[in-house]
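Asker: Please take these sequences and the hints and turn them into a complete structure.
Line by line, the protein sequences give chains X and H. Read in order, the letters of the first sequence are residues 348 to 713 in our numbering. Read in order, the letters of the second sequence are residues 126 to 438 in our numbering.
Note that these hints are calculated values from the structure, not bench results. Computed from a prediction, not measured in an experiment: that's the story for all the values here. One or more of the hints may lead you astray.
Stated by the list, open to error - Calculated pairs, DSSO-like style, for lysine-lysine (alpha carbon to alpha carbon, straight line, at most 30 Å): (1) K627(X) <-> K613(X); (2) K295(H) <-> K505(X); (3) K710(X) <-> K295(H); (4) K249(H) <-> K335(H); (5) K702(X) <-> K505(X); (6) K223(H) <-> K710(X); (7) K223(H) <-> K702(X); (8) K223(H) <-> K562(X); (9) K627(X) <-> K562(X); (10) K295(H) <-> K562(X).
The primary structure of each chain is shown beneath.
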Amino acid sequence: MKKVITALSIFMLLCLAACGAPTPQKSGEQASSEGGNSDNKSITVAGNGGVIEQTIRDVIAPKFEEETGIKVNYIPGLSGEILSKVELQKNAPHIDIAFFVPTDVYRANEKDLTEILSEENVPNFTNVIDDFVSVEGAGAPVFGLAIAPAYNTESFEKNGWGPIESWNDLVSGDYEGKTAFVDITNDWGFNTLNALAMANGGSTDNIDPGIEKAKELAGYSTTFYKNSTQVMPAIQQGAADLSVLGSYVISDLAESGIPIKMAIPKEGVPLQAFSATLVKNTPKEEQALQFIDYLVSEEAQSLIAEEGFYPVVEGVDLPEKYQESIGIAEDDPTFKPDVPKFAEIRAEWSDRWNKEVVPEIGKLLE
Amino acid sequence: MEAARAQNHQKRVAPKEQPPQQEKRAKKRKPWAPGLLLLTSILLFLFGFFVVPMLYILYLSFISTDNLSGEGASYSLSNYITLFTDSYYLNSLWVTVKISLLSSLVALVLGYPIALTMAKASAKIRALITLLIASPLLVSIVVRNFGWYLLLLPNGTVNTLLMDLGLISKPMNLLFSEVGVIIGLSNAYLPFMVLAIVTSLYNIDPSLEKASAILGASPLRNFLSITLPLSLPGIVSGCVLVFSLSMSAYVTPALMGGANVPVMPVVVYDQINNLLQWTFGSALSYVLLGTTLLSVFLFTRGFEKSKFKEVFR
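Answerer: What follows is the structure, given as structure tokens:
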């Protein structure tokens with residue numbers, strides 16, 4: 348019996364040792380034959396599920412394959428999950444291109460998990476609008492969006508509620524809990540807190556005014572949604588008339604017939620993008636760069652804009668059908684969030700939100 | 126007499142007189158060896174896909190920096206100290222235990238009559254009920270929760286119906302509360318409770334109830350003195366199953382509870398996935414595991430030591 352236990356212990360230790368970092372590949376060496384990463388005619392892209400996955404799988408990838416013969420394999424997942432995967436596989440990556448939200452682009456860059464992207468290796472970068480670039484050189488913005496208040500136009504008109512002119516207008520007993528705001532774990536929630544701070548004299552260095560206003564917001568809310576996909580049915584079912592959403596979701600809901608519109612408060616709305624990063628040490632750097640270059644081409648950006656995202660390059664406009672719901676005029680206030688600062692303070696803000704804001708939920712509702 | 130005794134003694138000591146080689150072989154024969162051989166595949170599977178990842182998570186929980194590769198890591202108990210000194214995490218643990226206990230209780234109250242009906246029904250009816258009970262397991266838990274979510278919204282089917290019937294004047298707060306999570310969890314894990322109880326009910330000798338009835342016991346007395354005590358092993362295993370599953374449930378509390386019900390698995394997910402604090406998340410998950418194991422141990426041990434200990438033999 349002792350021998351068996353010893354053998355099992357050795358096996359366990361070997362397995363545990365295997366959990367560590369994999370052996371780095373020698374430069375120029377091809378990837379092993381595992382997974383979809385074995386040939387030069389395919390690349391593996393990891394990114395968000397839903398509309399982003401659909402756009403890449405059904406619209407972009409077929410066009411790219413037609414032009415270059417390179418097949419795109421897509422792995423859907425959340426930005427944070429993808430970052431963890433990329434980190435765990437950092438010496439022998441199975442993912443060639445990873446899509447991240449802005450703070451994760453920064454974190455991936457800080458952890459040295461991404462290759463530099465510039466006009467030198469991505470020629471189409473010259474056309475990219477700077478407002479959408481999260482971290483200089485770390486990723487190429489692809490799916491442009493704004494995080495902004497969205498309201499049901501019919502309900503607002505019927506109830507005689509005034510327009511949303513400031514982020515502070517989200518906080519009102521008039522809406523009687525008919526709001527759907529997401530939790531701080533989601534980027535929409537995090538940006539809402541930042542905007543509330545800005546609207547009340549705070550900043551990323553002084554979150555106190557934002558926390559105070561967010562407590563009031565919590566008081567008039569039934570919850571903060573842990574899952575952003577729950578907000579859509581709440582709006583569709585008429586359970587919520589006011590929310591803070593990504594602009595691509597607002598356009599999608601408007602297209603499906605919901606009377607919803609994005610509001611642009613006087614303090615501005617943050618512009619950002621889901622960005623493509625080139626994973627460090629990928630054996631398919633050349634093919635991956637080709638795909639990233641295609642993603643920021645006018646052709647691909649026109650196709651992406653058709654799905655309700657803001658084009659991130661000069662010379663491409665948001666289609667007419669989306670102008671009513673999410674159009675941004677020249678003089679509308681927008682701003683570029685301080686992504687490195689966001690990444691630095693995220694844990695602290697989340698902690699304060701959980702301990703100070705969440706306990707106030709529903710306290711001001713009758 | 127003396128001769129017989131001597132013969133017996135000789136028989137008893139006979140093995141000692143075996144030649145040394147035979148004795149060695151007999152010693153080498155291991156009765157557990159075939160069983161172990163059969164279990165090898167599952168043991169390897171468990172070690173590879175459960176024990177090893179869990180050991181890795183345990184190792185991470187002692188690292189005080191958030192570096193998955195462990196390069197330049199410093200080791201300390203700081204994650205555990207933060208956890209046990211911060212009332213937010215302790216409250217989260219308490220909420221998780223409370224919700225899991227209540228979900229087990231609701232599943233027991235709903236499940237026992239169903240199990241009893243199944244045990245007494247004909248084979249056909251029993252098969253039909255089994256199918257009905259197990260059918261929710263065929264639907265993805267995410268889909269099921271979205272179904273509940275739409276039903277329980279303030280303007281959802283349940284509230285609208287109750288208001289139309291005049292039973293309530295304003296919508297009840299069924300979602301985003303502990304009630305919503307308990308409804309979701311007890312619904313999701315009801316089949317485990319029913320199937321555990323019904324198995325122990327099948328094992329009750331029907332002649333016991335007959336004998337008791339002949340002796341004049343009423344159906345209620347029969348139930349309280351025979352059926353219920355003898356089905357305790359099923360109740361205990363059902364409760365342990367539902368409790369353990371509820372303690373580790375993520376989807377239902379996240380969808381039905383929102384931010385209002387910060388159960389531990391949701392907090393762990395947020396730490397690891399959103400804040401990338403793997404090491405602290407690992408410590409939280411180990412404390413959750415420890416609490417579950419301790420609760421289950423105390424619960425089963427309590428029953429095994431109670432006056433009903435005989436039925437657990």
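Asker: If a hint holds in the structure, say so; if it does not, say that too.
Answerer: These are the hints, each one checked on the structure:
Between K627(X) and K613(X) the alpha-carbon distance is near 41 Å, which puts this suggested pair outside the 30 Å criterion. For a cut-off of 30 Å, the pair hint linking K295(H) to K505(X) stands: about 21 Å separates their Cα positions. Between K710(X) and K295(H) the CA atoms are separated by roughly 17 Å; this keeps the pair inside 30 Å, and the hint holds. For the given pair, K249(H) sits about 23 Å from K335(H) by alpha-carbon distance, which is consistent with the 30 Å threshold.
For the hint linking K702(X) to K505(X), the alpha-carbon distance of about 37 Å lies beyond 30 Å, and the restraint is violated. For the hint pairing K223(H) with K710(X), the CA-to-CA distance comes to about 23 Å; that is within 30 Å, so the pair holds. Of the pairs offered as hints, the one joining K223(H) and K702(X) holds, with about 20 Å between alpha carbons and a cut-off of 30 Å not exceeded. Taken as a hint, the K223(H) and K562(X) pair is honoured in the structure, with Cα atoms around 26 Å apart against an allowance of 30 Å.
Simply put, K627(X) and K562(X) have alpha-carbon atoms about 42 Å apart, too far for the 30 Å limit, and the pair is violated. Annotation: proposed proximity of K295(H) to K562(X) holds, straight-line Cα distance about 25 Å (limit 30 Å).
The earlier numbered hints that this structure contradicts are 1, 5, 9.
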